[in-house]
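Got chain A sorted already, so can you dock chain B onto it with the hints?
One line per chain: the protein sequences are A and B, in this order.
Going by this note's numbering, the first sequence opens with residue 480, and the numbers climb by one from there.
Going by this note's numbering, the second sequence opens with residue 11, and the numbers climb by one from there.
If you are wondering where the hints come from, they were derived from the structure by calculation, not from laboratory data.
All values reported here derive from a predicted model rather than from experimental measurement.
For each residue, glycine too, the CB sits at the ideal point set by N, CA and C.
It is possible that some hints are incorrect.
Partial pick of chain B residues on the chain A-facing surface, computed with a CB cut under 8 Å [what the hints assert, rightly or not]:
1. R18
2. I24
3. G28
4. L32
5. L37
6. A43
7. Y53
8. W60
9. I64
10. A67
If you want the footprint, here are the derived chain A segments under chain B, 3+ residues with CB under 8 Å [as the list claims (entries may be wrong)]:
11. 611-623
12. 694-708
13. 762-768
14. 773-786
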Amino acid sequence: MLSTTLIIVYSLLYLALLFAIAYWADRRADQQRSVISRPTVYALSLAVYCTAWTYYGSVGRAAATGVGFLPIYLGPTLIAALWGTLLLKIVRVSKVQRITSIADFIASRYGKSQLLGGIVTVIAVLGVVPYIALQLKAISSSFTILQSHPDADLAATAGRIPMLQDTALYVALLLAAFTILFGARHLDASERHEGMVAAIAFESIVKLVAFLAVGIFATFYLHDGFADLFDKAERAGVLNPMIAEGTGGYGNWYALTILAALAVMMLPRQFQVSVVENSSEGHLHRAVWMFPLYLLLINIFVIPIALAGQLTFEGRNVDADTFVLTLPMAHGQGGLSLLAFIGGLSAATGMVIVETIALSTMVCNDLVMPGLLRRWKRMPPEADLSQLLLKIRRGAIVVILLLGYLYFHFAGEAYALVSIGLISFSAVAQFAPAMLIGLYWRGGTRAGALAGLLAGFGIWVYTLLLPSFAKSGWLSSGFVQQGPFGIELLRPQELFGLTGMNEITHCLFWSMVFNVGAYLFFSLMRTPNVHEATQATLFVDALRHERPLEVGLWRGQADIRELFGLAERFLGKERARNAFRRYADGRQVADIEDLPADAETVRFAETLLAGAIGSASARVMVASVTAEEPLGLDEVFDILDEASQIRAYSQELEEKSLELEAASRELRQANEQLKEIDRLKDDFMSSVTHELRTPLASIRAFSEILYDDPEVELEQRRRFLGIVVSETERLSRLVNQVLDLAKIESGHADWLSEHVDLAQLVSEAIEATEQLFKERGVQVVRELPDRPCVVNVDRDRLMQVVLNLLSNAVKFAPRDGGLVQVHLSAGSESCRVSVADNGPGIAEQDQPYIFERFRQGSGGTEKPVGTGLGLPISRRIVEHFGGRIWLDSNPDKGATFTFELPMKHSSDRPAGNEHAQEGPDSG
Amino acid sequence: MRHSILIRQRLVGIFLLGLVLLYSPALTLFDSAAEWGGIPVSYLYLFGVWLLIIVLAALTVEADRR
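Next up, chain A with everything else stripped away, as it sits in the complex:
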């Protein structure tokens, strides 16, 4: 049993939780740790589109029309794919101009017209307040139904007894309090309400979970899945899968989709969450698919619930609109019924809160403010008006909710209330031409927008609103049946004799014909004036530049103190000071008083005010403290052109300077390299000369001795001549190597290419150096494989490499007891030769340079003999043949030089080579 108290307690607990979430999110926002600046939260908040009308009403529509409810969600799904451009543009424009409502947006687009803003507000209030009433009714009836649990039949009739209308009043007052707390607690220049958005995102989750729970219950608990349910429904004759038949023709199918696609962008609450509350353009991308996904999920079980309800209540008088609630009730599921109720409550409260905030902003900025400004004539009183603004907002919230309640109270079960969902959509769809065409076409004028809105609105009143009053019995139905004054051609729902479509499609068609027609006709009467053209450019070109075009289109005389004073009055002292402070910092001015009162500053002040009181009022206010000289149309375009040219030019400059920077960086690097090469060349020259001087000096010294003293003994003479000969040899070797290296490096060396068996070559090299090993008492160990290891190289050059490695090894191996190991191994792709000694090794810091010219290993204490060119030449030779050479060395553990050459895969070489057998070859 669900007692009244229990339901009230749960409802209040839910609202308290909502309160807590909103409060927490607001606190986090104050601490700069926003919880809503996440794309997923943004996408969820958009689901405020799904109201109680969706939650309860979709099932009702599905029971009557089959898939006829789907266009209401397919339209938004399709249009969402365009949000990447369309909504992005709206958001960009709104951020730059601090637009805080759809009325402000349209007013701003057509030259900041107060009249346009006012008319949009009136249409929105008239179209949407009944919709709010519907939500209150949903809460009230679902409450009543749940009270009669588990008697679902009684519930169906109880909903029609006006016994607990007070529930709705309390709900309205409670929601007014909530809305004021989180929607109008303080004035915010950007009109963003983080706490409210967090609460709405949470409500979206709750209503989805609740609806899915009921759907799963209906499909899988009451029946055995979709197929079983559809089967039973078909046998009971309630299954209606035909698209055209259910919807009343494809025309209605298309029209409903278009209507929903427009509504999802034009409804004040959708504009509020998608544009005003948007904290980052990047969030749009997530919404493009997540919002449609939400719609898909919440709609999967609509048909199953409708069918299950029809099966359960067959032959009984239970309204299909209540199935979400009565279906679990009829099967004694108290907990699930309560969850379903809470889900409906969240759908209704979410809509009411956001819609009321959006409407209150519009009422305050576009209806009340213009009136006040007219009363104050030139200047507002010197008082702090920010508190007054807040009071207006709060008053508007209470008034809107009470209006909703009163409409609910008096309309009750009237047709005008229960069918308001699509009627409301049709009303706000009238904003679409002025808004969307104005976003892409510069030619629209204030007169055109005004005419279009009024014409469309007029058609809406005539073809939808008045007939709905007539059907509710508030007007004589003769007006609908026979037409006004009996003129049949003017019958409201068969206007000009047009038949064959439902009333919504009929209204959409005629209202759009007249709306767009009047918009174009009056826009094309004359060219846009300065204000219209300026705003047109700012709106139409919003996405043309990466960053928004911010330019002051103003000329005249202004006083910075007056502008600041104006902002102080409307925003409050502290917030105005902070905003101006930041602006002054941006312009690198130390003091607010020192700000130049130029076009840019005036634009800043006007935009700042626009956030608080709307663009049209802000324009009037700024004009009241400045002496503006009107700009000509040509001047405006000059300024705009100049601004965008400067933008383009500065972008070009930026690119050029980036290019320059890159080029100069490369040049610097090249220069560094050149310097390094130059330094190396100097080092090389000095090394070469040094190396040349040493043998030359000794040759000269010994030659001089022989020349000066003919008495030198023969033995002595032979020794001296021996030194001269060996030094000369060293000299010519050095010169040859220098030439060799120079030739290799310059690419002029002659390379032969022949098949060479490495094993054979290594053996020969060892034999050639045998004497050297013997002299120094160094043992050489060779490990050579049996099979030939053929590579494609220049035999003499490679011999040079091996000899060089061997002579290096023997040089560094300790005298007597030195050991040199020569190892050859053949892999599948390459041959590897390593020469290891057990000398002092090469210090780690020298290893990276060992293959550079004249970098001799400094491991030995005595100066090693050699030219310092052997290893560099070896490396170039090995690399020339596609191999590599490297060093492994640990100090005190000797050094191992290894080179690797790609194997020559060929079998045409005779295999009769001699192979040195393994074994020590001591010398």
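For chain B alone, coordinates are given in the frame of chain A:
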């Protein structure tokens, strides 16, 4: 900048695909009472296309992030 324009244009392409599948005579092909796996073809088609649009849009924009 160039890339984000491409993403927007892909999304417009998805929009057009949705129009053709749901709002052209193509729809009439599936507007039948026939059943497939016990579920009416029209339901399968409408929800299937719906899901397809969502998946395509998700792939388009989320691939852009990476």
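How the hints compare with the structure:
1. Taking 8 Å as the C-beta contact cut-off toward chain A, the hint placing B/R18 at the interface holds, the least distance being around 4 Å.
2. At a threshold of 8 Å, the smallest CB-CB gap from B/I24 to chain A is about 5 Å, leaving the interface hint in force.
3. Taking 8 Å as the C-beta contact cut-off toward chain A, the hint placing B/G28 at the interface holds, the least distance being around 5 Å.
4. Against a cut-off of 8 Å between C-beta atoms, the interface hint on B/L32 holds, since the closest Cβ of chain A lies about 6 Å away.
5. Interface restraint check for B/L37: the shortest CB-CB distance to chain A comes to about 7 Å, inside 8 Å, so the restraint holds.
6. For B/A43, the shortest C-beta to C-beta distance to chain A is roughly 6 Å, which falls under 8 Å, so the interface hint holds.
7. Here the hint on B/Y53 is kept, as its CB sits about 6 Å from the closest CB of chain A, short of 8 Å.
8. Interface restraint check: B/W60 against chain A, minimum CB-CB distance 5 Å, threshold 8 Å, status holds.
9. At a threshold of 8 Å, the smallest CB-CB gap from B/I64 to chain A is about 5 Å, leaving the interface hint in force.
10. Taken as an interface hint, B/A67 checks out: its beta carbon lies about 4 Å from the nearest beta carbon of chain A, inside 8 Å.
11. Check on the region 611-623 of chain A: 0 of its residues sit with their Cβ under 8 Å from a Cβ of chain B, so the three-residue criterion for coverage is violated.
12. Against chain B, the region 694-708 of chain A contributes 3 residues with a C-beta closer than 8 Å to a partner C-beta. That satisfies the three-residue criterion, and the hint holds.
13. Interface restraint, the region 762-768 of chain A with chain B: holds (4 residues with C-beta to C-beta distance below 8 Å; minimum three).
14. Restraint check on the region 773-786 of chain A versus chain B: 3 residues with Cβ-Cβ distances below 8 Å, three needed, restraint holds.
Checked against the numbered hints above, the structure violates only hint 11.
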